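A.B. asks: Starting from the known structure of chain D, arrange chain H on it as the hints suggest.
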Amino acid sequence: CSEEFLEFTPTGVVSSGDLETPAAVEAMVVAAYASLGNDGLLAHQYGDLWAWGTTRSDDGYKGGGGIGDQFPTHQTEVFTLNDPNNFNANLNWRWIYAGISRVNDAMRRIKAIDPAAYQAEVGVSVDQRLAEMRFLRGHYQFILKILHKYPVFVDENVPKEEIINISNRVLSDQEGWAYIADEFRAGVTSLPDVQADEGRPTKNAARAYLAKVLMYKAYIQDDNHQVISINAAELQEAVDLITTIEGTNEYALHDDYAKNFLWEFESGIESVWAVMRSINDGSNQGRGNFSTGLTSSLGPGYGCCSFNQPSQNLANAYKTDENGLPLHGDFNAGLQIQSIEDTRATNMDPRIAHTIGLIGMPFKYDPNRIYDESYSRVPGVYGFKMGMKDQELPSSPAFRQYEAFFSIARNTDQIRWAEVLLWKAEALIELNRIGEALPIINQIRRRAISNASLSRIMDAGGNPTGNWNVGEYTDLGSQDNARQILRMERRLELAFESKRFFDLVRWGIAEETLNQYFNEERSRVAHLTDALFTAGRDEYLAIPQQQITISQGLYVQNPGYN
Amino acid sequence: QQNLSGTITDAESGDPLIGASIMLEGTTTGTVTDFEGKYMLSVTPDATLVVSYTGYTTQRIKVEAGQSVLNLSLSSGVNFDEIVVTGYATERKKDLLGAVAVINMEEIQDVANPNVLQSIQGRTAGVNVDLSGDPGQGARVQVRGTSTLNNNNPLYIVDGVPIEPFNTDALGTGYAQNWGLSWLNPNDIESVQVLKDAASASIYGSRASNGVIIITTRRPNSGKGKISLNVRSSVESWNRFDQLTNNEERARVEWQGAVNDGSDPNATGVYTYEWRLDPSLGPGIQGTGVPVLERIIYPEWLDEADQLRPSGHPNSVYGGRIEEGTNYWDEISQTGLVQNYDISFTESGERGGVMFSANYFNQKGVVIETAYERIGLRLNSYHKFFNDRITIGENLAVVRGDRQLLDSGFGGTAEAAPYRYKTILPVRTEDGRFSGPPGGGFSDRDNPIALAFDNRDDNVDNIKIFGNVYANVDLLPGLTFSTNLGVDYDNINSRDIFRTYSRGFLANNIAELTLTQSQFASIVFNNTLAYKFDVGKNNFNILVGTEAIENTQRFSSATAREFALETNEYFQLGAASGERSNNGGETGFSLFSYFGKVGYSFDDRYLASFTLRRDGSSRFGANNRFAVFPAASLGWRISQEPFLVNNNLISDLKVRVAYGQTGNQFTANDATLALYRAVYAPQNVVLPWGGGCAETVCNDAATAYDIGNNDSGILPSGFLAIQTANPDLKWETSTELNFGMDFGLKNDAITGTFEVFNKMTEDILIIPTAIGAFGDGARRFVNAADVKTTGWELTLQYNSLVKKNFGFSVGANFGSYRAIITDLPEDLWTSYPGNQEQNIIGQAPNAFFGYRTDGIFQNAEEVAAHASQTGARVGALRFVDLNGDNVIDALDQEYDDSRGNGVADVQFGVNVRLDYKNFDLTVFGWGALGRTVAPDVFRMELGSLNNGENGGVAQLGAWSPTNTDSYIPAISNSNQPFGFSLDYNLRNGNFFAFRQATIGYTLPAVSGLRNVFSNLRIYLSAENLGWIVDRNGPNQFPHVGWRVENNVGGLYPKPLRISLGFNAGF
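Just so you know, the protein sequences line up as chains D and H, in that order. Taking my numbering, the leading residue of the first sequence gets 1, the next gets one more, and so forth. Taking my numbering, the leading residue of the second sequence gets 1, the next gets one more, and so forth.
In isolation and in its complexed conformation, chain D is listed as follows (with noise of 0.2 Å):
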């Protein structure tokens, strides 16, 4: 009698074993792809790098409250007090693997399961469904990858009881780039042209990606992160790629550069791939974008938290000369650029009217909505400005306040079509085929001054609010003229988009470039003043020194974090 009593019947689950039709197996695959909006605002910012890509380099502050705020983001923005045991660190890495761990879930379940079967009931076949899931093995191998350099790579077919027994150095730095390119060769094989749901990835998406993955792997580091060598066969095959791409016309750049930041032209015509988010459907708070939660400004209608705050550097770089081409290598002396005062001052390039909230000009493309001081929280330590591409006015039917903080359900693009064409012009100047780079790039600069962009950012009576004058590059001079200009350009096209601190490691120019932004910037705030870059360390975060000694010391500590 006893055992009978004693018996326990779990209520509200259910087991593995329940899991294996071919519904329960799609359902398991909406899971996977579910994790990508489960990022969050205090530590997994996965959906939305910025505190890993923004306020690591020269285009942002942390912000917040002080800088015991999120203290974690304050050590990683200084580097000098970057720490293994870095906890937000650890959390992002422990989130991405919750990511993987679905995938490779599903990739088991899809392949235990009658193929014929499968595609008669789901009407997709088995190929396919396994590209979906190696796509998003493959982009979460990537934010790893570029965040930790040595990841941990675990597939579908390692038992869960194994996992514990791979190290982090099976793979070397560019064979670990080779398994990451493969899980988006896949797709470019077995991905369809097109997806009934936006949210699942293309062929192009899969081409794009695999791009992207090669514009990493192409500048070769060696053990202490410093490039040595490049690629020309890789940066070639993502010339190929891309050039694929653009036969297809999937992708364009949108008319009005505004329309990449805001809800309403969500998943248009330049988004190659995006995070989905929604609101008002059946949970509590939305599905909204969570990663950019803290990063709101305190202006009316908006509340916490005033987090990833632009740089004085930032706004300086907006500058123009009087053929609208920016300054180089000394925008950072003279005026700098606080105000709407100072954007009529001089000349100006406009994407810092979508980028920066100035005082005096209008926040977010309403001329009524005018920045003033009191949208940032602490000025004393971070100054007034704000970042605005994440945001959307509290108008937005994407807007959700909960309290003090928001989510925005817009779609969080990963992959933008500018982006991709900057790649490309990349490619072909680190080729040196640099008269095919001009038109590129200044294909990005024209739309960036279209009559569609400008008019957004027009104040209440009508008038510009600054001084904008973009031109065009005449032509491109040497290589290494043409390489300041793309990255110059770049930055300015993607401040704000949580790509700065990595595109400054891949080209291997970080201590350079943000020890000489160190020195000037002290000078401006104060957080600064102990801030410095080591070479050799702080290209790569630790691997989380949890990590290390659950693994009892199986994983290797990147280098000087020992």
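Worth flagging that the hints you see were computed from the coordinates, not collected in a lab. Predicted model only: the values in this text are computed from it and were never measured. Even glycine gets a Cβ: it sits at the ideal position worked out from N, Cα and C. One or more hints might be untrue.
[Claimed, not checked] Covered stretches of chain H, as calculated for chain D (at least 3 residues, CB under 8 Å): (1) 263-273; (2) 613-625; (3) 673-681; (4) 715-728; (5) 756-763.
[As the list claims (entries may be wrong)] Just a sample of chain D residues kept apart from chain H, beta carbon distances all over 12 Å, derived: (6) Leu19; (7) Ala106; (8) Ala120; (9) Gln174; (10) Gly435.
[What the hints assert, rightly or not] Not everything, but these chain H residues come out facing chain D in the computed CB check (under 7 Å): (11) Asp278; (12) Phe505; (13) Leu506; (14) Asn508; (15) Asn582; (16) Tyr705; (17) Asn709; (18) Ile771; (19) Gly772; (20) Trp829; (21) Pro833; (22) Ala864; (23) Ala867; (24) Gly871.
C.D. replies: Here is chain H on its own, set in the frame of chain D:
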């Protein structure tokens, strides 16, 4: 009938005892002694006299036929014939072989706490209680310190029915069920016993490893019907606050922080300053001169559009002084009021007895909008049948509690507010609305007054039905069968209203109502057979039994959004016009046990006891479902030996040793299984502290995704792996060896107990942190980690010789514990402090790990000469390069037990009682020595802007070029100490707290009122009168408990409380 007379005297002094009671047993006939201690009584032959006197051992003595004189002397002191409930049986206290503490209920009966556990802190060696003044809040109790990394809560047994005051939810986390024991009226309690060591507790087997607290409610008194009435009213006030800056002080601090950093103080957002650099005073921190503040300019408006003026601004309609701003301590506190009414009736006769009581308790807390109300009824009765061979009885309590608790709205609870909401912010805007944070320079914390007001209609209420039905059958002489069926049923309803509001930049646009109902039911059925017999001088006492326990938990909640009106009356689920959602689930566990106990004594000199319990739990897999918990103990009452029996000094001496094993099954109900679950989306993703799962990869991460880019509508969703199976999961086991000594001197005028123990807890049930690459479903319960606990306890009691009208007694208890983690899997190392080279193994579970500092850099030369330290500058803390590599980094940290490990070396309690004529006075205090705490020095001493929140006045005394003697480093916005310092962050945690003093007056027995009252006592009592600490810095409030002192804010104070009450009997 025969006449009997005599004198009753004190055994030691020979003084007559005045007013001693002499009753004929089983009747209502009796008398009291006169001023010479004499009495006269008419008795029947063979009558038994019961002679009693407060503070003395009651004696029963049989009158011999024809006897006319009977003189008797009574002994004062601890009642060693006291009967103690020790697990399915009772024992004489003097026969105890393990570490059992008995709480003196008399000492705590005047305390105005609704929860008896809150009253026992410091009263017993080895029992530690979290204290809080939060009305209706439960109490967490620890017996003998931290002995597991799992849940440390003891098992509670009330009238033989085990209670799980902390349940595990479906995720295996513990949460308080029904606020601990707040439902149990202290006045209904007859006794509280704590089984501290494993040998005593092992009869409770599987859940006893953290000790067992046995509570017995009042049985019907013998004799004729008696009505008792207790009435008490108390007022409470919040007697001390952390010293926080006012408006002017905050302005100074923010200026100082900015100029220390060399940044522009006029960019800090709120204040503007007139100031200058004076190089003639020295180089200052920045080397440019010493900054001098000349004038603070307060803004005219904080937000003119929102009609928000600085608090106390000359133009404000509310008046006040701008230098002061708003004192939020005043705003959130109120005078508390506690009322308690007890009425009880008890009667018993030859065929049975009854005890009925009713209780009403009402507390208005010292923080606004907090309250607790309790109405309880109890009926305990028994009946005897078949020549008293069968006794059938029941104990039943029905209680309704209603708690208005602090809502932890945005920015925490109201009592955290003064730390967070700056004094420059007024409570209300000029046009009368609640204020909110206006933007730059302010944190995102909400207006505490508004928060309390918005949540005024939130409450949690419960109905608890608790009781048991039992039968005892005397089968043969000495052989008794007992059966007991107990029920613990709780129905908890909570109502949570989320109103719309807009305050500063905080807003909620959708009104929301959530109703949650939880039901807990626990049924216990146990049967025992007890046999007592003697063979010559050998006494045997044998018990065997079985017990079955079934526990079920159910909860459901419903949420509705959008309400046309926001009145309390309109907030009904059916009245909502918007989206609705619901949630729910159920779980449970069962236990089945066999147990047996053999007690043996020889001639009252040699004592032995053996216990065995075999437990089965539904929480463990078939492989390890059952476990056996044995215990054995031996005792030697030396004082009964011939060589001591006539000793005048030593009246009692017993030594004993006990060994036992107990278990802990605190794990999830489904802990052994691999599981997947449909989550859709977590309840709360935005606010991780609201139950969401931002902090770890958790079992509540969404499985729904808008894969079709539809933006809204119900999303496709999947399943999430939440747990990995472990069919080998088994009990956590504690093995404890306890050595004890009980002694009494001078006819027990001095008594004491000394215990030493060594406890090893193995196979601790924990969830290790999986390797990150494992991903979802990594949660797995395992048996890992060992903790070793050692300690000692000493209890001393002195009861004076009673001289005429004067009595004096003093008691003291001391306890000391030391826990060490002796084994821990690598997976868990990073859950504790450490670095690449050091981990927690060999340290106390809450050991401090950190850097060493040696003062403050006084000048640039000192900075230059020092090892490389990020953030080193004039005025900063100087960190010690422990490993001598000339760089301050993570490897310069250490564990240093000599600087404290968060646990006191000794905790103690002292109580004193004085009796003079009809007055009684008791005083009680407790304290700790050798204790270290780590308060929030960042907020209170260091950061000037600190998230736009308030801070301590200590910041004004921080190091500056003109105040170089300070121990506090220069305040700053961008420079903070390099790390946690064992010198700077740790503070002396020693304290002594005066917890209670009571003075009572008992109406003389000879008074005319005796015709109305059989007894009447009036008393005045004060709690939390004050305390002594010896340290710098914040949080000097030891009275709130041992754990919370390491936090700042969010502490509900234990208030000063003055009570006036009376106990009357009719």
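A.B. asks: Hint by hint, say whether it matches the structure.
C.D. replies: Hints, verified against the model:
1. 263-273: Held - the region 263-273 of chain H has 6 residues with a Cβ nearer than 8 Å to chain D, which meets the minimum of three.
2. 613-625: holds (count 5)
3. 673-681: With 8 residues close enough to chain D, the hint holds.
4. 715-728: Our answer is that it holds, as 9 residues pass the Cβ test (under 8 Å) against chain D, meeting three.
5. 756-763: violated (count 0)
6. Leu19: violated, 6 Å
7. Ala106: Ala106 (chain D) not clear of chain H: closest Cβ-Cβ about 8 Å, inside 12 Å.
8. Ala120: holds, 19 Å
9. Gln174: holds, 21 Å
10. Gly435: holds, 39 Å
11. Asp278: Hint on Asp278 (chain H): violated, closest Cβ of chain D at ~21 Å, above 7 Å.
12. Phe505: Result: holds, 4 Å to nearest chain D Cβ.
13. Leu506: Where the cut-off is 7 Å and the nearest Cβ of chain D is about 5 Å from Leu506 (chain H), the hint holds.
14. Asn508: holds, 6 Å
15. Asn582: With a minimum Cβ separation of about 11 Å from chain D (threshold 7 Å), the hint on Asn582 (chain H) is violated.
16. Tyr705: holds, 4 Å
17. Asn709: holds, 4 Å
18. Ile771: The hint holds - Ile771 (chain H) has a Cβ within 7 Å of chain D, the shortest such distance being about 5 Å.
19. Gly772: Where the cut-off is 7 Å and the nearest Cβ of chain D is about 4 Å from Gly772 (chain H), the hint holds.
20. Trp829: This hint holds: Trp829 (chain H) lies near chain D, its Cβ roughly 5 Å from the closest one there, short of 7 Å.
21. Pro833: With Cβ-Cβ at 10 Å, over 7 Å, it is violated.
22. Ala864: Result: violated, 15 Å to nearest chain D Cβ.
23. Ala867: For Ala867 (chain H), the interface hint is violated, since the closest Cβ of chain D sits about 14 Å away, which is over 7 Å.
24. Gly871: holds, 6 Å
Checked against the numbered hints listed earlier, the structure breaks hints 5, 6, 7, 11, 15, 21, 22 and 23; every other hint is satisfied.
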